[in-house]
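Make a model of the complete structure from these sequences and hints.
Number of protein chains: 2
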Amino acid sequence: MGKITCQVLKGTRDFLPSQFIVRRKVIETIEQTFEEFGFEPMETPALEYAETLEEKYGEEGARLIYKFTDRGGRSIALRYDLTVPLARNMAMYQIDKPFRRYQISPVWRADKPQKGRFREFWQCDADIVGSREIWADAEMIGLTYFILKKLGFEDFTIRINNRKLLNGMALYGGIKEKQMGVFFRIIDKSEKIGWEGVRSELESKKFSRDAIAKTIGMIVQEGQGSDLLNRMKDTLKEIPAAREGISELEEIERCLGNMGVTTNISFDVSLARGLDYYTGPIFETVIEKPRIGSISGGGRYDGLIGMFSGKDIPATGTSLGLERIITIMEELKMLPVTSTLSEVLVAVFDRSLVGVSFQVAAKLRSAGINTEMYLKDDKLKKQFSYANNKGIPLVIIVGPDEQEQGIVGLKDMRKGAQLTVSLDDMTQKVKEMLRKGE
Amino acid sequence: MGKITCQVLKGTRDFLPSQFIVRRKVIETIEQTFEEFGFEPMETPALEYAETLEEKYGEEGARLIYKFTDRGGRSIALRYDLTVPLARNMAMYQIDKPFRRYQISPVWRADKPQKGRFREFWQCDADIVGSREIWADAEMIGLTYFILKKLGFEDFTIRINNRKLLNGMALYGGIKEKQMGVFFRIIDKSEKIGWEGVRSELESKKFSRDAIAKTIGMIVQEGQGSDLLNRMKDTLKEIPAAREGISELEEIERCLGNMGVTTNISFDVSLARGLDYYTGPIFETVIEKPRIGSISGGGRYDGLIGMFSGKDIPATGTSLGLERIITIMEELKMLPVTSTLSEVLVAVFDRSLVGVSFQVAAKLRSAGINTEMYLKDDKLKKQFSYANNKGIPLVIIVGPDEQEQGIVGLKDMRKGAQLTVSLDDMTQKVKEMLRKGE
Numbered sequence: 000m001g002k003i004t005c006q007v008l009k010g011t012r013d014f015l016p017s018q019f020i021v022r023r024k025v026i027e028t029i030e031q032t033f034e035e036f037g038f039e040p041m042e043t044p045a046l047e048y049a050e051t052l053e054e055k056y057g058e059e060g061a062r063l064i065y066k067f068t069d070r071g072g073r074s075i076a077l078r079y080d081l082t083v084p085l086a087r088n089m090a091m092y093q094i095d096k097p098f099r100r101y102q103i104s105p106v107w108r109a110d111k112p113q114k115g116r117f118r119e120f121w122q123c124d125a126d127i128v129g130s131r132e133i134w135a136d137a138e139m140i141g142l143t144y145f146i147l148k149k150l151g152f153e154d155f156t157i158r159i160n161n162r163k164l165l166n167g168m169a170l171y172g173g174i175k176e177k178q179m180g181v182f183f184r185i186i187d188k189s190e191k192i193g194w195e196g197v198r199s200e201l202e203s204k205k206f207s208r209d210a211i212a213k214t215i216g217m218i219v220q221e222g223q224g225s226d227l228l229n230r231m232k233d234t235l236k237e238i239p240a241a242r243e244g245i246s247e248l249e250e251i252e253r254c255l256g257n258m259g260v261t262t263n264i265s266f267d268v269s270l271a272r273g274l275d276y277y278t279g280p281i282f283e284t285v286i287e288k289p290r291i292g293s294i295s296g297g298g299r300y301d302g303l304i305g306m307f308s309g310k311d312i313p314a315t316g317t318s319l320g321l322e323r324i325i326t327i328m329e330e331l332k333m334l335p336v337t338s339t340l341s342e343v344l345v346a347v348f349d350r351s352l353v354g355v356s357f358q359v360a361a362k363l364r365s366a367g368i369n370t371e372m373y374l375k376d377d378k379l380k381k382q383f384s385y386a387n388n389k390g391i392p393l394v395i396i397v398g399p400d401e402q403e404q405g406i407v408g409l410k411d412m413r414k415g416a417q418l419t420v421s422l423d424d425m426t427q428k429v430k431e432m433l434r435k436g437e
Numbered sequence: 000m001g002k003i004t005c006q007v008l009k010g011t012r013d014f015l016p017s018q019f020i021v022r023r024k025v026i027e028t029i030e031q032t033f034e035e036f037g038f039e040p041m042e043t044p045a046l047e048y049a050e051t052l053e054e055k056y057g058e059e060g061a062r063l064i065y066k067f068t069d070r071g072g073r074s075i076a077l078r079y080d081l082t083v084p085l086a087r088n089m090a091m092y093q094i095d096k097p098f099r100r101y102q103i104s105p106v107w108r109a110d111k112p113q114k115g116r117f118r119e120f121w122q123c124d125a126d127i128v129g130s131r132e133i134w135a136d137a138e139m140i141g142l143t144y145f146i147l148k149k150l151g152f153e154d155f156t157i158r159i160n161n162r163k164l165l166n167g168m169a170l171y172g173g174i175k176e177k178q179m180g181v182f183f184r185i186i187d188k189s190e191k192i193g194w195e196g197v198r199s200e201l202e203s204k205k206f207s208r209d210a211i212a213k214t215i216g217m218i219v220q221e222g223q224g225s226d227l228l229n230r231m232k233d234t235l236k237e238i239p240a241a242r243e244g245i246s247e248l249e250e251i252e253r254c255l256g257n258m259g260v261t262t263n264i265s266f267d268v269s270l271a272r273g274l275d276y277y278t279g280p281i282f283e284t285v286i287e288k289p290r291i292g293s294i295s296g297g298g299r300y301d302g303l304i305g306m307f308s309g310k311d312i313p314a315t316g317t318s319l320g321l322e323r324i325i326t327i328m329e330e331l332k333m334l335p336v337t338s339t340l341s342e343v344l345v346a347v348f349d350r351s352l353v354g355v356s357f358q359v360a361a362k363l364r365s366a367g368i369n370t371e372m373y374l375k376d377d378k379l380k381k382q383f384s385y386a387n388n389k390g391i392p393l394v395i396i397v398g399p400d401e402q403e404q405g406i407v408g409l410k411d412m413r414k415g416a417q418l419t420v421s422l423d424d425m426t427q428k429v430k431e432m433l434r435k436g437e
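Sequence lines, in order, name chains V and E. The numbering of the first sequence is numbering that gives the first Met the number 0, which starts it at 0 and goes up by one. The numbering of the second sequence is numbering that gives the first Met the number 0, which starts it at 0 and goes up by one.
Any given hint could be a false lead.
[As the list claims (entries may be wrong)] Derived lysine to aspartate or glutamate pairs resembling DMTMM-like cross-links, with alpha carbons at most 20 Å apart:
id	chain 1	residue 1	chain 2	residue 2
1	E	K375	V	E247
2	E	K378	V	D95
3	V	K378	E	D95
4	E	K24	V	E27
5	E	K213	E	E195
6	V	K96	E	D377
7	E	K375	V	D311
8	V	K375	E	E252
9	E	K362	V	E252
10	E	K375	V	E250
11	V	K96	E	D376
12	E	K375	V	E252
13	V	K66	E	D110
14	E	K362	V	E30
15	E	K375	V	E249
16	V	K375	E	E247
17	V	K375	E	E249
18	V	K111	E	D69
[Unchecked claim] From the structure, some residues in chain E lie toward chain V, with a derived Cβ separation under 8 Å:
id	residue
19	E34
20	E119
21	R253
22	F307
23	L352
24	V353
Because the hints were derived from the structure by calculation, they are not lab data. Just so you know, even glycine gets a beta-carbon here, dropped at the ideal spot from N, CA and C.
Below you can see the structure in the form of structure tokens.
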């Protein structure tokens with residue numbers, strides 16, 4: 000028999016059941032919290048007209064979008080994130096607002112694969128469209144907080160800033176409006192290249208020494224800490240954009256307090272976020288240990304939907320990076336240990352008795368019990384060892400004696416104990432044992 | 000503000016929450032039944048090396064695979080179905096067998112979009128790998144039966160045949176082994192082009208008149224009906240392949256009987272299934288009303304995994320077409336009417352009271368109640384009408400009086416009734432009202 004090459008594309012992954020089941024548990028927790036916050040699931044297609052995605056993600060994005068021409072000559076792209084398709088969608092349909100949706104889906108980037116960086120990976124996005132109120136931004140931050148708590152995280156920090164405040168700081172330092180985009184993108188690199196790196200990159204882009212000293216000085220010296228907003232309010236009192244940004248951050252703090260979120264948040268004027276389209280509050284979550292970059296990021300983007308609709312529709316949202324979250328949970332041993340969803344294996348005593356095994360399996364399944372039937376005429380020992388390896392807690396065996404007496408043998412693989420029970424009582428007994436074993 | 004073109008790619012779809020929630024309910028029912036049968040979820044990537052998919056789907060497939068060359072010069076393809084990626088996967092990993100997995104994922108085909116035919120659509124596949132026993136095929140058919148019953152279908156027929164029997168019939172008619180593939184592909188068109196069409200296409204492919212008369216005559220005259228297998232056994236008693244095929248179908252009938260599946264199945268020797276890779280039992284489900292083609296199809300493919308691994312690994316599986324199933328359920332008004340997952344809308348009385356609304360929402364959410372907070376300073380009337388349009392059953396309002404007294408107003412949108420309840424009793428009361436309203 001011929002053999003052909005057989006591998007997954009680099010940067011993409013197979014998830015075998017034992018891996019996928021754990022992954023899905025994490026996804027379900029995120030979904031549940033999204034829904035508790037009134038977000039509802041929505042889906043956009045993986046394929047979009049390339050034009051829809053082009054010029055939305057800056058230079059890096061342009062390079063990383065998977066694009067191709069189909070047989071009809073159409074220029075097509077694979078979804079690069081979940082935000083731009085949402086914006087396209089929101090411009091197309093008339094929907095009651097404020098509108099909340101979440102989407103948990105794969106996105107594709109033609110990136111160089113490396114540890115923790117994939118070409119196909121999942122994002123978990125929640126967005127509120129149609130509310131200008133800063134309350135909506137507070138909801139996004141509260142949502143992030145409760146998801147991470149529910150997943151079991153303790154040592155995380157949600158960093159919060161405001162593009163308006165950053166604008167004000169830049170204006171205060173003498174940076175011109177039209178240089179803002181470049182300025183923020185360089186600031187955003189401080190974690191990677193350090194503040195000295197930021198300073199020299201700003202210099203190379205012809206920002207004046209004075210402006211650099213004034214702005215970066217302020218960010219580095221006054222960047223964080225408990226009294227940040229008050230100090231900033233004082234320093235920047237002459238700059239309207241800054242005053243507005245600070246007052247929005249104060250409102251966020253109050254809303255979070257009312258939600259019971261008083262820890263794990265930090266106002267931090269060094270946070271810039273790379274994307275061009277943010278217009279107000281921005282936020283991201285970092286984990287101190289292990290240090291792995293941000294695990295969520297988001298902010299207000301009041302202009303993006305307007306690029307599609309021609310109408311100004313405000314929006315704010317957050318995106319959780321599923322891959323990083325799972326990587327960290329793995330490292331910190333926070334993941335559940337489930338390896339199978341099957342609860343009972345119905346063994347096949349021998350070929351002549353396969354019929355009664357089918358009957359037993361049908362009975363358990365009709366009661367909603369996840370039941371695998373062993374589908375080979377193997378020795379019982381091999382069947383037990385199969386159940387054991389897979390982590391299936393119970394095995395049912397019907398031999399000729401059991402069949403004659405209308406009973407089944409029931410083995411608890413967790414304890415090695417075996418008992419018999421009548422066919423009539425079997426379902427009840429199995430349910431009890433599954434509960435007890437938990 | 001500039002406006003750019005804004006549309007979904009033809010043949011792909013957005014699913015807004017009201018659509019997606021219903022879709023997900025159908026998916027959940029399918030998932031649940033898969034799991035009751037011991038199948039576990041698995042995922043393969045959307046992107047594969049083109050080589051993995053090429054030459055697996057016959058001529059039509061070759062034309063419809065989305066292929067492109069990435070920046071690194073690699074030839075890449077989008078998943079065309081879920082079976083070939085599974086085969087690739089099974090050849091790569093050492094996993095205990097018999098192995099059961101299911102996958103519910105989108106696949107892509109560069110087809111001409113038309114009513115009910117999409118470029119991006121979802122398949123629901125379950126497969127058993129590593130069992131040669133015909134029991135496994137019976138499981139696949141039983142699984143299909145119970146899924147359709149659980150979804151609420153009554154008038155469906157699972158047609159069952161066996162490639163071995165078809166082979167035997169063709170040999171009996173004088174058709175040569177190497178012509179089998181072409182023969183089956185033409186037979187498979189009988190629903191589309193009629194038996195006369197099949198006859199003339201076979202003639203055009205140089206099959207002898209005698210062979211055509213003998214085989215098609217047998218299929219048309221003896222094709223279905225209760226005593227089919229016995230009649231066939233008699234006619235084809237000299238052909239070993241046919242005898243083996245018939246005995247496998249008898250075994251399937253016995254297994255199904257033991258599962259309690261005695262209706263909605265039909266042995267039918269006119270069923271051929273188009274794909275080359277089937278080697279044993281084949282099956283598909285048709286709905287009589289509305290007539291829309293098959294809604295599931297599958298069979299045994301003992302050679303496919305071997306194309307990747309070089310080792311012979313038997314397998315059987317079934318694939319449910321989610322789009323057709325949903326289309327039919329829509330037409331027959333079988334879909335659930337859920338339009339929202341949100342259970343409570345917390346209104347905002349006015350800007351000064353937004354804090355207490357956040358407190359109330361936080362309280363309900365922490366009790367696991369899906370709670371949307373209204374995020375605009377609109378008139379209460381508008382907020383009620385928002386809840387009403389969306390189908391949210393309960394609205395909570397806290398005005399200044401309520402706040403002072405530590406109570407909340409609670410409006411049941413289903414009845415229009417309004418009452419007040421203390422903050423302490425709120426969660427309990429809401430839970431009761433949600434239960435009662437069901």
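Now the hints, each set against the structure:
1. Using a Cα cut-off of 20 Å, the hinted pair K375 of chain E and E247 of chain V holds, with the two alpha carbons roughly 15 Å apart.
2. Pair hint K378 of chain E plus D95 of chain V holds up; C-alpha atoms about 15 Å apart against a cutoff of 20 Å.
3. In summary, the hint linking K378 of chain V to D95 of chain E is supported, as the alpha carbons are separated by about 15 Å, within the 20 Å threshold.
4. A C-alpha spacing of about 15 Å is found between K24 of chain E and E27 of chain V, which places the hinted pair at or below 20 Å, so the restraint holds.
5. Between K213 of chain E and E195 of chain E the CA atoms are separated by roughly 14 Å; this keeps the pair inside 20 Å, and the hint holds.
6. Among the hinted pairs, K96 of chain V with D377 of chain E is consistent with the structure: their alpha-carbon atoms are about 11 Å apart, no more than 20 Å.
7. With a CA separation close to 16 Å, the supplied pair K375 of chain E and D311 of chain V stays within the 20 Å bound.
8. Using a Cα cut-off of 20 Å, the hinted pair K375 of chain V and E252 of chain E holds, with the two alpha carbons roughly 18 Å apart.
9. Between K362 of chain E and E252 of chain V the CA atoms are separated by roughly 18 Å; this keeps the pair inside 20 Å, and the hint holds.
10. As the CA atoms of K375 of chain E and E250 of chain V are separated by approximately 15 Å, the hinted pair is consistent with the 20 Å bound.
11. For the proposed pair K96 of chain V and D376 of chain E, the alpha carbon gap of about 12 Å is at most 20 Å, so the pair holds.
12. Under the criterion of a C-alpha separation no larger than 20 Å, the hint pairing K375 of chain E with E252 of chain V is consistent with the structure, at around 18 Å.
13. Taking the CA atoms of K66 of chain V and D110 of chain E, the gap is about 18 Å. The hint holds against a cut of 20 Å.
14. Restraint check: the Cα-Cα separation between K362 of chain E and E30 of chain V comes to about 19 Å, which is no more than 20 Å; the hinted pair holds.
15. Of the supplied pair hints, the one linking K375 of chain E and E249 of chain V holds, its CA atoms being roughly 18 Å apart against a limit of 20 Å.
16. Of the pairs offered as hints, the one joining K375 of chain V and E247 of chain E holds, with about 15 Å between alpha carbons and a cut-off of 20 Å not exceeded.
17. Proposed proximity of K375 of chain V and E249 of chain E is supported: the alpha carbons are some 18 Å apart, at most 20 Å.
18. This hinted pair checks out: K111 of chain V and D69 of chain E have alpha carbons roughly 12 Å apart, not beyond 20 Å.
19. Annotation: interface hint on E34 of chain E holds; nearest CB of chain V at approximately 5 Å, less than 8 Å.
20. For E119 of chain E, the interface hint holds, since its Cβ comes within 8 Å of a Cβ in chain V; the closest pair sits about 5 Å apart.
21. With 8 Å as the threshold, the beta carbon of R253 of chain E comes within range of chain V, its nearest partner Cβ sitting at about 7 Å, so the hint holds.
22. Look at F307 of chain E: its Cβ gets to within about 4 Å of chain V, closer than 8 Å, so that hint holds up.
23. For L352 of chain E, the suggested interface contact is broken, since its CB lies about 11 Å from the closest CB of chain V, more than 8 Å.
24. Because the closest C-beta pair between V353 of chain E and chain V is about 6 Å apart, less than 8 Å, the hint holds.
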